[in-house]
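Asker: Generate the whole structure from the sequences, applying the supplied hints.
Residue 0 is where the sequence shown starts when you use numbering that gives the first Met the number 0, and the numbers rise one by one after that.
Misleading hints may appear alongside valid ones.
[Claimed, not checked] Here are the in silico distance ranges between beta carbons for each label pair:
{"no.": "1", "residue 1": "G95", "residue 2": "F303", "range": "45 to 51 Å"}
{"no.": "2", "residue 1": "P71", "residue 2": "I590", "range": "36 to 42 Å"}
{"no.": "3", "residue 1": "L135", "residue 2": "T54", "range": "19 to 25 Å"}
{"no.": "4", "residue 1": "K176", "residue 2": "Y23", "range": "17 to 23 Å"}
{"no.": "5", "residue 1": "S497", "residue 2": "F303", "range": "28 to 34 Å"}
{"no.": "6", "residue 1": "A224", "residue 2": "D278", "range": "41 to 47 Å"}
[As the list claims (entries may be wrong)] Derived pair list, reagent style SDA-like, types lysine to any residue, alpha-carbon separation capped at 20 Å:
{"no.": "7", "residue 1": "K426", "residue 2": "E392"}
{"no.": "8", "residue 1": "K111", "residue 2": "K59"}
{"no.": "9", "residue 1": "K70", "residue 2": "V51"}
{"no.": "10", "residue 1": "K188", "residue 2": "T87"}
{"no.": "11", "residue 1": "K70", "residue 2": "G132"}
{"no.": "12", "residue 1": "K148", "residue 2": "G223"}
{"no.": "13", "residue 1": "K438", "residue 2": "T349"}
{"no.": "14", "residue 1": "K70", "residue 2": "T87"}
{"no.": "15", "residue 1": "K137", "residue 2": "L151"}
{"no.": "16", "residue 1": "K59", "residue 2": "E392"}
{"no.": "17", "residue 1": "K494", "residue 2": "R378"}
{"no.": "18", "residue 1": "K175", "residue 2": "T118"}
{"no.": "19", "residue 1": "K188", "residue 2": "D234"}
{"no.": "20", "residue 1": "K188", "residue 2": "P157"}
{"no.": "21", "residue 1": "K501", "residue 2": "S526"}
{"no.": "22", "residue 1": "K501", "residue 2": "P333"}
{"no.": "23", "residue 1": "K103", "residue 2": "T87"}
{"no.": "24", "residue 1": "K70", "residue 2": "T150"}
{"no.": "25", "residue 1": "K438", "residue 2": "Q449"}
{"no.": "26", "residue 1": "K587", "residue 2": "S526"}
{"no.": "27", "residue 1": "K438", "residue 2": "H344"}
{"no.": "28", "residue 1": "K70", "residue 2": "K175"}
{"no.": "29", "residue 1": "K107", "residue 2": "M123"}
{"no.": "30", "residue 1": "K188", "residue 2": "R285"}
{"no.": "31", "residue 1": "K107", "residue 2": "D74"}
{"no.": "32", "residue 1": "K193", "residue 2": "I207"}
In case anyone wonders, no lab produced these hints; they're calculated from the structure. For glycine and all other residues, C-beta sits at the position ideal for the given N, C-alpha and C.
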Amino acid sequence: MLNDTYQNRRTFIAGMIFLVVFIYVARLFSIQILDDTYQDLADSNAFYKKIVYPTRGLIKDRNGKLIVSNKPAYDVMVVPRELKKLDTLDFCNTIGVTVDEFKKRMKKLRYKAGYSSYTPQPFMTQLSAQDYGYLLEKLYKYQGVYIQKRTLREYRYPNAALVLGSIGEVDRSTIKKDSFYVMGDWAGKNGIEKTYELMLRGEKGEEILLRDAHGRIKGSYEDGAHDVAAKAGKDITLSLDIDLQAYGELLMRNKVGSIAAIEPETGEILALVSAPTYDPSILVGRERTKNYAKLVKNPLNPLFDRPMMAEYPPGSTFKTANALVLLQEKIITPATAFGCSRGFHAGGLTVGCHPHASPLTLVPSIQHSCNAYYCAGFRSMIDDRRKYKSTAEAFEVWKNHIVSLGFGYELGADVPNEERGYIPNSKVYDKIYGAGYWKGLTIISVSIGQGEILATPLQIANLGAIIANRGYYYVPHLVKNIENDTIGSAFKEKKVTSIDRKYYDYVVNGMDLVMKNGTGWGSRIDSIEVCGKTGTAQNPHGEDHSLFMAFAPKDNPKIAICVVVENSGFGATWAAPIATLMIEKYLKGRIAPRRKYTEDRLLNANLLPKIDTSN
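Answerer: This is the structure in structure tokens:
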């Protein structure tokens with residue numbers, strides 16, 4: 000019995016010893032193999048691994064002009080665990096912050112993604128070269144403080160702010176999604192900088208530096224044998240013509256609206272003007288946050304990318320699309336005529352129109368922008384029970400043609416935040432009026448680009464490109480070339496519309512007459528055949544918007560354009576002359592003396608809305 004007791008004790012003791020040994024071994028394995036914390040501690044005592052940031056790719060315009068380059072900047076980095084002997088007051092005086100601000104910043108660091116007391120954390124970013132030089136002289140005194148060299152964007156032109164975009168500090172979600180980034184890194188926030196971030200950012204490098212017993216940097220580890228060089232980002236060439244962009248912004252000064260210009264043959268975007276705008280350089284450097292806040296508070300919303308995001312009724316510019324659909328469906332022929340007695344009249348419904356000859360066939364209806372023609376044609380299609388089984392079926396056929404012309408969905412441009420516009424389907428009207436209880440007259444306003452129809456300026460410019468090409472387009476895009484890479488295949492795919500080519504010639508001829516002796520006559524250009532269409536879009540919130548869509552020359556077109564000037568009235572008054580000045584500037588490089596008066600009128604006009612500042 001006694002022997003059994005001793006045996007049990009020996010077994011228990013042996014088991015306990017084994018368990019303790021096992022726990023220690025497991026813990027050592029965890030510390031030395033699985034957990035990097037202690038290795039990091041050891042390494043941090045002997046080495047400082049310094050990130051080498053790559054130079055961000057340059058951005059040029061279609062003519063090779065440098066738009067965005069880089070300039071040096073410096074971040075103050077701290078390793079929190081090494082700041083125990085820091086003369087806080089002296090350090091704060093050197094970098095120009097208060098002790099309280101120092102404490103606030105250190106506290107804030109602890110709640111940022113990627114925080115570690117053993118690794119460098121960004122304390123102050125974007126020091127100027129002057130401030131950097133002053134700090135460098137005293138850096139030896141501040142144990143745990145380091146300088147991280149970076150690059151800031153430098154804008155060579157005060158233009159194209161929303162096109163180019165900006166870079167800003169990454170947030171937690173970005174760091175979580177992409178291990179490339181750590182706390183304090185910067186990335187593209189909008190525009191081209193965001194779309195092509197992966198190509199522009201390059202690849203980080205690393206320098207391994209030796210520390211002495213006091214933690215001071217003594218030089219490179221093994222003469223840099225283990226260092227990894229940074230790889231610069233890829234340069235990008237835009238399709239943008241920066242001179243044309245600058246001219247467009249000048250013409251849109253003191254106005255609210257937009258300009259979108261496209262090269263029809265390629266889909267390359269020549270200009271994207273959003274007004275009002277701002278100088279992109281104000282969102283660079285230590286004043287970025289303050290300047291951004293001012294832009295956000297501006298009641299005219301200069302951060303709103305109007306060519307891509309603003310959705311307007313296209314007005315009479317849309318009559319060209321409707322004409323193509325009616326021709327394709329054989330509802331009309333070029334010889335079909337409709338009468339107009341100051342408008343379209345049906346029962347108690349009237350859609351007004353300005354005085355002109357009557358009746359008109361197709362081409363003159365475009366020339367004179369006759370509302371009655373398109374109301375009558377649209378009604379004939381939607382209410383045709385011989386060709387279509389129901390109103391809904393007829394409308395779906397009409398809608399599908401309109402969608403093929405680039406409306407109702409995002410075009411797929413390489414600029415973030417593109418809106419889709421709006422083309423309703425039959426179910427929308429079934430819900431509003433009840434299935435079978437609506438007809439052509441019920442929704443007659445869509446025939447002239449009003450009602451529920453909405454389009455972005457880019458979509459309207461793209462319609463101009465489609466007509467210029469006689470039936471096809473390429474997805475509008477801003478990037479023309481990427482260093483050692485290719486642009487997206489989607490931008491090289493020809494998109495053919497559902498409208499036969501032969502019908503486009505009639506619309507082209509109508510748009511040609513608009514400029515020769517129609518609604519756009521006052522904005523014609525000597526020696527350039529411009530095909531255009533004026534538009535006046537009703538606006539429930541104020542005065543009508545002025546619209547104009549055009550392309551030039553008539554044959555072998557080089558530019559398609561849409562101009563929108565908000566709350567300014569007739570398309571012929573403001574949008575048309577702006578568009579034709581842009582065309583003249585692009586195709587000729589100068590403005591003819593005969594047109595200088597028009598140019599001066601536009602440059603000096605102030606069409607900004609009155610802002611109520613009483614509250």
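Asker: Are the hints correct? Go through all of them and say.
Answerer: Hint by hint, here is what the structure shows:
For the hinted restraint 45 to 51 Å between G95 and F303, the CB-CB distance of approximately 35 Å leaves it violated. With their beta carbons about 40 Å apart, P71 and I590 fall inside the hinted range of 36 to 42 Å. In this structure the hint that L135 and T54 lie 19 to 25 Å apart at CB holds, the actual value being about 21 Å. Checked against the given bound of 17 to 23 Å, the beta carbons of K176 and Y23, roughly 40 Å apart, lie outside it.
Between S497 and F303 the beta carbon distance is about 33 Å. The supplied range of 28 to 34 Å therefore holds. A hinted range of 41 to 47 Å holds for the C-beta pair A224 and D278, which are about 45 Å apart. Note on K426 and E392: the hinted pairing holds, with a Cα-Cα distance of about 11 Å set against a maximum of 20 Å. With a CA separation close to 35 Å, the supplied pair K111 and K59 exceeds the 20 Å bound.
Pair hint K70 plus V51 holds up; C-alpha atoms about 15 Å apart against a cutoff of 20 Å. For a cut-off of 20 Å, the pair hint linking K188 to T87 is broken: about 34 Å separates their Cα positions. The suggested pairing of K70 with G132 holds, with an alpha-carbon distance near 15 Å, which does not exceed 20 Å. Between the alpha carbons of K148 and G223 the distance comes to roughly 18 Å, so the proposed pair stays at or under 20 Å and holds.
Straight-line distance between C-alpha atoms of K438 and T349 comes to about 16 Å, which keeps the hinted pair within the 20 Å bound. Distance check on the hinted pair: K70 and T87 sit about 30 Å apart at the alpha-carbon level, beyond 20 Å; violated. Among the hinted pairs, K137 with L151 is inconsistent with the structure: their alpha-carbon atoms are about 24 Å apart, more than 20 Å. A C-alpha spacing of about 49 Å is found between K59 and E392, which places the hinted pair above 20 Å, so the restraint is violated.
Of the supplied pair hints, the one linking K494 and R378 is violated, its CA atoms being roughly 29 Å apart against a limit of 20 Å. The suggested pairing of K175 with T118 holds, with an alpha-carbon distance near 18 Å, which does not exceed 20 Å. Between K188 and D234 the alpha-carbon distance is near 18 Å, which keeps this suggested pair within the 20 Å criterion. About 19 Å separates the Cα atoms of K188 and P157, which keeps this hinted pair within 20 Å; it holds.
Distance restraint check for K501 and S526: the Cα-Cα separation of roughly 26 Å exceeds the 20 Å cut-off, and the hinted pair is therefore not satisfied. Straight-line distance between C-alpha atoms of K501 and P333 comes to about 11 Å, which keeps the hinted pair within the 20 Å bound. Of the pairs offered as hints, the one joining K103 and T87 holds, with about 13 Å between alpha carbons and a cut-off of 20 Å not exceeded. The straight-line distance between the Cα atoms of K70 and T150 is roughly 5 Å, inside the 20 Å bound, and the hint therefore holds.
Note on K438 and Q449: the hinted pairing holds, with a Cα-Cα distance of about 16 Å set against a maximum of 20 Å. Of the pairs offered as hints, the one joining K587 and S526 holds, with about 10 Å between alpha carbons and a cut-off of 20 Å not exceeded. Our distance criterion of 20 Å between C-alpha atoms is met by K438 and H344, whose separation comes to about 15 Å. About 28 Å separates the Cα atoms of K70 and K175, which puts this hinted pair outside 20 Å; it is violated.
About 12 Å separates the Cα atoms of K107 and M123, which keeps this hinted pair within 20 Å; it holds. Restraint check for K188 and R285: the C-alpha separation of about 17 Å stays at or below 20 Å, so the hint holds. Between K107 and D74 the CA atoms are separated by roughly 16 Å; this keeps the pair inside 20 Å, and the hint holds. Note on K193 and I207: the hinted pairing is violated, with a Cα-Cα distance of about 31 Å set against a maximum of 20 Å.
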